[in-house]
Amino acid sequence: MDYKSDIIVIGGGLVGAACTYGLLKQGLNVALLDEGDIAFRASRGNFGLVWVQGKGYGTPQYAKWSLGSSRLWPTFAADLLAETGVNVELQQNGGFHFCLTQEEFDDRAHRLQSLRDAVGEDYRYEMLHQAELRERLPGVGPQVYGASYSPMDGHVNPLKLFHAMHLACDKRGAIYKVERRVQTVTHADGIYTVQSAGDTWQAPRLLLTAGLGNKDLAAQVGLHAPVKPNQGQVLVGERVQPFLKHPTIFVRQTDEGTIQIGDSLEDMGLDDTTRTDVLARIAQRAIICFPQLAGLNLIRSWAALRVMSPDGFPIYQESSTHPGAFVATCHSGVTLAAAHALRLAPWIAGGHKPAALDVFAGDRFLDPNREFNNGH
Amino acid sequence: MSESVDIIVIGAGPAGMAAATVAAQRGASVVLLDEQTAPGGQIWRSILQASSARLDRLGPDYAAGRPAADAFKASGARHITRAAVWQVTRDGVVNYLENGASHSLKGKQIVLCSGAMERPFPIPGWTLPGVMTAGAAQILLKSADTVPSEPAVLAGCGPLLYLLAWQYVRAGQPIAAIVDTTTGEDYRRALPHLPAALAAWPYLKKGLGLINTIKRAGVPFYKGATNLAVEGEDAARALTFNAQGRTHRLATRLVLLHQGVVPNTQFTWALRAKHTWDTAQLCWRPDADAQGRLDGIDGVLIAGDGRGIGGASVAALQGELAGLAALTDLGRLTRPDADRLAAPLAASIEKNLRIRPFLDALYRPKDANRMPADDVLVCRCEEVTAGAIRGYVDIGCAGPNQTKSFGRCGMGPCQGRMCGLTVTEVIAQARGVSPAEVGYYRIRPPIKPITLAELAATRDDFPTATPGVQP
Amino acid sequence: MATDLFTVLPECAAARSVRISFNGVEKRVVPGTTVAAALLGAGESRLRASPVSGDSRAPYCMMGVCFECLVEIDGVPNRQSCLIPVAEGMTIRSQEGRVQLDAKEAVSHE
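Chains as they are written, first to last, in this note's numbering: chain R, 1 to 376; chain E, 1001 to 1471; chain A, 2001 to 2110.
Treat the hints with care, since some could be wrong.
Said to hold, decoys possible - Using 30 Å as the maximum straight-line C-alpha spacing, the simulated DSS-like pairs for lysine-lysine come out as follows:
#: 1; chain 1: E; residue 1: Lys1274; chain 2: R; residue 2: Lys228
#: 2; chain 1: E; residue 1: Lys1351; chain 2: E; residue 2: Lys1274
#: 3; chain 1: R; residue 1: Lys353; chain 2: R; residue 2: Lys171
#: 4; chain 1: E; residue 1: Lys1106; chain 2: E; residue 2: Lys1205
#: 5; chain 1: E; residue 1: Lys1274; chain 2: R; residue 2: Lys177
#: 6; chain 1: E; residue 1: Lys1215; chain 2: E; residue 2: Lys1205
In case anyone wonders, no lab produced these hints; they're calculated from the structure.
Keep in mind it's a predicted model, so treat the numbers as computed, not measured.
Make a model of the complete structure from these sequences and hints.
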């Protein structure tokens, strides 16, 4: 079959789905192509944090982009509820980043101060030592030195978010096809052509949101997106009575009561198998944070591959050699979902480009004078 | 620090015991891990504790387990009971929980013998108290001499259903009814396989004998039953169904369902072994060679119902074959010796399997009982209906893992054991493709629940771990 | 509430020498049986409330694959009772929905 649309979006994960939703709201006809059921799919592996604190150290534009997205989130969640009836359970009443040693605590304080200096008074946080922390979060273990708390932070149910976005895209008439792995994109006379599974797709605009697949696809349309996999492992416990009312960086309780515990950061290549020694370490840390979790039954573990750029920051760019072709990739697809739908998509649809995004062009990695590291 | 042994066997049923026995008899160091307190698996459950009265009640196929269990006990294999294996890795590491702590063993060869489990039977009301599997009732009979207080309704199809009924009759327990879903069409489908099945005449004769006994006992029998549903608010109250052109309602507080058994594939999926969808048995089977070596995974073998339903005799033979293969791969048996010993076993397996196509055809579970109506619960743990799953397919969900993402289906404590097959088939039906194309859940450890503390303690540095060290 | 779905065959019932309690009610059960089998044979037919809907649930498979037989045994919640043999003095409670995490120290399966 031949399909014609205003834009082809390659990759239906959190970034692709959010952008597609935003594009549909701009009135475009959108074709969204996705891989199959067993694909690496960073979107399936996430913690659901809508997180601002600590991000963008050294690159304040990222801190501002994250803060901006978190402010758009209530609107985004309300839109999704109105359109689909699915409540994504957004909660934005603050989050905690635990510091297990004084050294971590001091580093953290320094980082956050630096971010506040760069971003401004809007950047709100508090450093809490043990005693104060235990007042805010009863149950915190005695070995936790302290934490940074920020009212800017929150969490959402990422599975409901994913479901809601796909429902919304479906209702707004997106053509969504799975089992459509895309390896080649061609461009002629201002039209992008993609072929997959016997179908042909054509549109004057193209958006690459294919996660790890972006690297090869981007190169075909004059874009540079050198992303690599970075593995994170997570443990999931059974449902328990409400005990944790705020998300923390290592442990959160979902609206359904399940406990999520993470996470790790490792270069494992294209490997999403879990490793017991790492999981055991994650378990140890969780017990240090909340000793009452010791008896929690673990139901599941998983490992997922983050889509990591060399500096850990997103890549957003329109191709100069192939106008109308865009790439969008990040490893915070939940936090940035609102921005993707409500600020990025209008640009991709042909609107004005937010100046804030200039710093995220993929070309920055071509600068021979710069060094990059993606430490969280 | 893991202790290292030659062969680790998982599961103490017919296959596991046979594998462990032959290997230990030939001098290999063997550890057999099983969840129960005593050997026997499910089919020969509590065989070593069985009184003569129980042996008599349960029949000769059960009693046949006794020599196997005795041989296993005498073999020199180390039997670790009440061990919940929560992980098996491709490197031969087996992690298990026993007595409140996690332990690790390394085996040069691993033989998986976790057997089968009942096929899910998703009908309205199947999650109510008072609805159980026929296998569950049989376990109660075998291991606890426990029987229904009031006559139960047995519903479904397959040899185990009739066997249970026969055992109840012998125990003097009245049965309210057998509601059999087998239809004329099933007989017609099975007929071409009858000649091959006749080669297993003793088995067929036994089956006919069972059914005869049940009928002579006057047990009410309904044939060609459809639209099964359990009625009740907080507990089962009745079974309703259609049969012979009428709607029936049988008041009962105990409904025992059965429509065959399927391989328990948690370990093989977690190992990322290749599986094939068996269109005759309507289940996944791990790919393995004739001796049971898993395709593409060195050092891990599979034997028994876990590689495909064949019954206890076949399982025992396969277990012995796998044990011999493991010994060969360890260098403890020469190839010629192994081939010589394997030949009669393989021949026996082939002979015992001749009845299978007939049984698979005759007792093929009905589509409606595998791919139920929209309002029927498919995922018992997370309470996801068949309709919800079809809805996900409508918005583009291609397979069971995306279904998990959208609706938590398969994310509960049972880790997809009770819903996996149903979800695969419902999606396949909704998409109009084969189950093979749809695939199955990604299964990950822990295969059985482990607490955070038990997991944390697997590291040598717990509880003195330094806070702040990155994983 | 005892609703007697199952009963132990008379010739074996004589051996009910182990005392356990379920939700505070003492039961005398046969040694060597699993908790689930013992409870079913002692008149119990509801072991828990689903943490999702609150619906009553009871054992389904009796072999450790369905996870319906979860109860609290001696203070440890969500144990698969069909896999655990009865012991003298065992205190068993129905698992009413979600686990309440204890403020006390590490708990593990016994």
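Exercise. Hey, lysine 1215 of chain E versus lysine 1205 of chain E, does the alpha-carbon distance stay inside 30 Å?
Worked result: holds, 15 Å
Exercise. Within a Cα-Cα threshold of 30 Å, do lysine 1274 of chain E and lysine 177 of chain R meet the stated pairing?
Worked result: holds, 26 Å
Exercise. Does the structure keep lysine 1106 of chain E and lysine 1205 of chain E at a Cα separation of 30 Å or less?
Worked result: This hinted pair is violated, its Cα atoms lying about 45 Å apart.
Problem set entry | Hint consistency between lysine 353 of chain R and lysine 171 of chain R [alpha-carbon to alpha-carbon, up to 30 Å] | holds, 27 Å
Exercise. Do the alpha carbons of lysine 1274 of chain E and lysine 228 of chain R lie within 30 Å of each other, as the hint requires?
Worked result: holds, 27 Å
Exercise. Does lysine 1351 of chain E pair with lysine 1274 of chain E here, judged by a C-alpha cut-off of 30 Å?
Worked result: holds, 26 Å
Hint compliance for this structure: hint 4 alone is broken.
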